[in-house]
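2 protein chains.
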Amino acid sequence: MIGVRGTVKKIEKAPRGAEIIPTEIKILNNVQHPLPLDPTALAPADLDVRLNSRILDLRRPESQAIFRIKHRTVSAVHDFFVSNGYFEVHTPKIISSATEGGAALFPIAYYEKEAFLAQSPQLYKEQLTSAFEKVFEIGPIFRAEESHTTRHLSEVISIDMEEAFTNAEGVMKTLEEMIVYIFKIIIESCAEELTTLKRQIEVPKTPFAKYTYEDVLKELRKNKIAIKWGEDITTTTLKTLSELHRGFYFITEWPTQSKPFYIQPCENNPKVCEAFDLMHSWIEVSSGGTRVHSKNLLIKRIKEQGLEPQSFEYHIKAFEYGMPPHAGWAVGLDRLIMVITGKENIREVVLFPRDQFRLTP
Amino acid sequence: MIGVRGTVKKIEKAPRGAEIIPTEIKILNNVQHPLPLDPTALAPADLDVRLNSRILDLRRPESQAIFRIKHRTVSAVHDFFVSNGYFEVHTPKIISSATEGGAALFPIAYYEKEAFLAQSPQLYKEQLTSAFEKVFEIGPIFRAEESHTTRHLSEVISIDMEEAFTNAEGVMKTLEEMIVYIFKIIIESCAEELTTLKRQIEVPKTPFAKYTYEDVLKELRKNKIAIKWGEDITTTTLKTLSELHRGFYFITEWPTQSKPFYIQPCENNPKVCEAFDLMHSWIEVSSGGTRVHSKNLLIKRIKEQGLEPQSFEYHIKAFEYGMPPHAGWAVGLDRLIMVITGKENIREVVLFPRDQFRLTP
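Chains as they are written, first to last, in my numbering: chain A, 1 to 361; chain B, 1 to 361.
These are calculated hints, taken from the structure and not from any lab test. Fair warning: there could be bad hints in the mix.
Since the list gives no way to pick out one identical chain from another, each pair is judged satisfied if it fits inside one copy or across any two copies.
What the hints assert, rightly or not - Straight-line distance between alpha carbons at most 30 Å, and here's what the computed DSS-like set of lysine-lysine pairs gives: (1) LYS303 with LYS205; (2) LYS184 with LYS134; (3) LYS134 with LYS343; (4) LYS222 with LYS271; (5) LYS9 with LYS134; (6) LYS317 with LYS343; (7) LYS26 with LYS218; (8) LYS184 with LYS10; (9) LYS210 with LYS173; (10) LYS224 with LYS303; (11) LYS13 with LYS271; (12) LYS134 with LYS271; (13) LYS303 with LYS228; (14) LYS228 with LYS210; (15) LYS198 with LYS218; (16) LYS224 with LYS198; (17) LYS134 with LYS10; (18) LYS271 with LYS113; (19) LYS228 with LYS300; (20) LYS317 with LYS26.
Just need the whole structure built from these sequences, with the hints factored in.
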């Protein structure tokens, strides 16, 4: 690594249109040879090799492009929320008990007690709508995923929003607006980065297509895939679905039993609920819904999901102080970056990914 | 909790200058009586009682004012960095080994391995200057603090920056600029909140006063407080110091032995180093410095601090690929909010504080 002092001169035939006429050259630091990977290589090394020397891999033009797009996206998300009157919050990542049951938690030795890493700011953001009406948080969430897939990690950044006096329809609209806002900004300000990635994107048209869970099951049956009503739609199935649907689309009216306790069952048919997933091709980018806001229904739903109301004591209490009707969603920032950059492995778009087999660098 | 539909009419003598002439009133949710605390009370309940019912406490005008100021501060920090060309990063909170030794870490059961919660993004942000030159991160850090004080918590939000091709002097200037920028914005946009808090603040004058560690020791000796050279300045002592110095001031040229291994010793006197703390009265708001950028010196300093270079294998490797000279700092967001709002307990300015004795709500 060298430092050069000199005069910058415009030279048309120079690769970047200018050259430096040096008056002083100083060695700032030494570099070890050979490097574990060549940051200028056209054919990049295997992903694991690159992740082992990630700090060097980040100098590759492709990695630079990905993370410049990510930086710009986070800024856009921030601006979107602030300019629309949302209130930024930071909820605790160390929690005393499970947020929703089901998904595996990482246990922490917390002084003499046991605690866990938060898998979502879900319950806190819901409660906070009673104090600040419209809230958002951009922060890490932690899941002890046992499966090794191209779109799950143990630590990711979640973009969470929650809003009082609205429902699923309302926040789906906000989600569409945010996605459109981000795409416009990336297309405007990251043209060079998209070229480096050989990626062409367009501002998605709104409203996004909406299919109910029932619609999806019917469509899959036509394609000779049978899913039992109530079951989740697997990744393999989603890949079939994505051949039928390009771009962004919502799946709505999920079976109540398949979604967490805090989702509001539909009034006219409580077997399905006001939950939605936002998909892009086969990737789930976001999920959200209208939340339960009645204390009694909340306790009933907690029990129906096989959970103990005592574990949610503080959360339930918040529903005794006048909880507004509310709705919200969470977007996986890293998955959204996969969609924008066209990368098929989430590890490409996270600086230092964490999974069951990778805890370093 | 009720919903009212009707016509808003301007009425001068109404408390807020308007009244709603209702056409429809709907009960949105029930409220339990009596409430555990009165959110309109002039004399607020004890802090522990308030924190136990935090979601209700957050509706008090004073809490609303604090968190509106905090929200505005985070936005200002974000805008400051983005508009000055800093690159936003998210570094892992789950790490494989100690960041700097000394401070206590929370252990996590990470699949079959042991891992820890990051007490700082220090080493990652330093490495990232080699890929992105100027980086910042606003995120949680975790410290297993055994002491119960009014300015420490187990989980806080850290504002971290790191920059290539600069030194302590350079980043101290950036820190002054950011503080001034924040104060200007808060004074402009949070006048009502400051009034609620009965708080008057002024934009601090730059450059902030600078005292070396040596200066501080001399000054304390004059006030009959003896500190052995090399020892840290205790809180009690800082309180004496704060009677002599109002507002923001830097303490520079700390003993090398008292600071972490990654701080650059001064060239002409390696017993002291290019570290600084930014103080406001007796509160440490930030610490930072010029970092070591030579691999050999880094290994030497790690050993001198009684640590094992093997524990920092990945970090040291980053210094073999051409590490630029760099410097940076971390600001405790919550401490900065204490300074702005005049609150003397950090628990007042954190939504859901975590300490040795508090893990809920």
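Hints, one by one, checked against the model:
no.: 1; hint: LYS303 with LYS205; result: neither (41 Å within a copy, 59 Å between copies)
no.: 2; hint: LYS184 with LYS134; result: both (24 Å within a copy, 25 Å between copies)
no.: 3; hint: LYS134 with LYS343; result: between (32 Å within a copy, 25 Å between copies)
no.: 4; hint: LYS222 with LYS271; result: within (24 Å within a copy, 77 Å between copies)
no.: 5; hint: LYS9 with LYS134; result: between (52 Å within a copy, 25 Å between copies)
no.: 6; hint: LYS317 with LYS343; result: between (43 Å within a copy, 27 Å between copies)
no.: 7; hint: LYS26 with LYS218; result: neither (69 Å within a copy, 39 Å between copies)
no.: 8; hint: LYS184 with LYS10; result: neither (33 Å within a copy, 40 Å between copies)
no.: 9; hint: LYS210 with LYS173; result: within (12 Å within a copy, 52 Å between copies)
no.: 10; hint: LYS224 with LYS303; result: neither (36 Å within a copy, 65 Å between copies)
no.: 11; hint: LYS13 with LYS271; result: neither (69 Å within a copy, 51 Å between copies)
no.: 12; hint: LYS134 with LYS271; result: within (29 Å within a copy, 52 Å between copies)
no.: 13; hint: LYS303 with LYS228; result: within (24 Å within a copy, 62 Å between copies)
no.: 14; hint: LYS228 with LYS210; result: within (21 Å within a copy, 71 Å between copies)
no.: 15; hint: LYS198 with LYS218; result: neither (36 Å within a copy, 63 Å between copies)
no.: 16; hint: LYS224 with LYS198; result: neither (35 Å within a copy, 69 Å between copies)
no.: 17; hint: LYS134 with LYS10; result: between (51 Å within a copy, 26 Å between copies)
no.: 18; hint: LYS271 with LYS113; result: neither (39 Å within a copy, 41 Å between copies)
no.: 19; hint: LYS228 with LYS300; result: within (25 Å within a copy, 64 Å between copies)
no.: 20; hint: LYS317 with LYS26; result: between (65 Å within a copy, 22 Å between copies)
Checked against the numbered hints listed earlier, the structure breaks hints 1, 7, 8, 10, 11, 15, 16 and 18; every other hint is satisfied.
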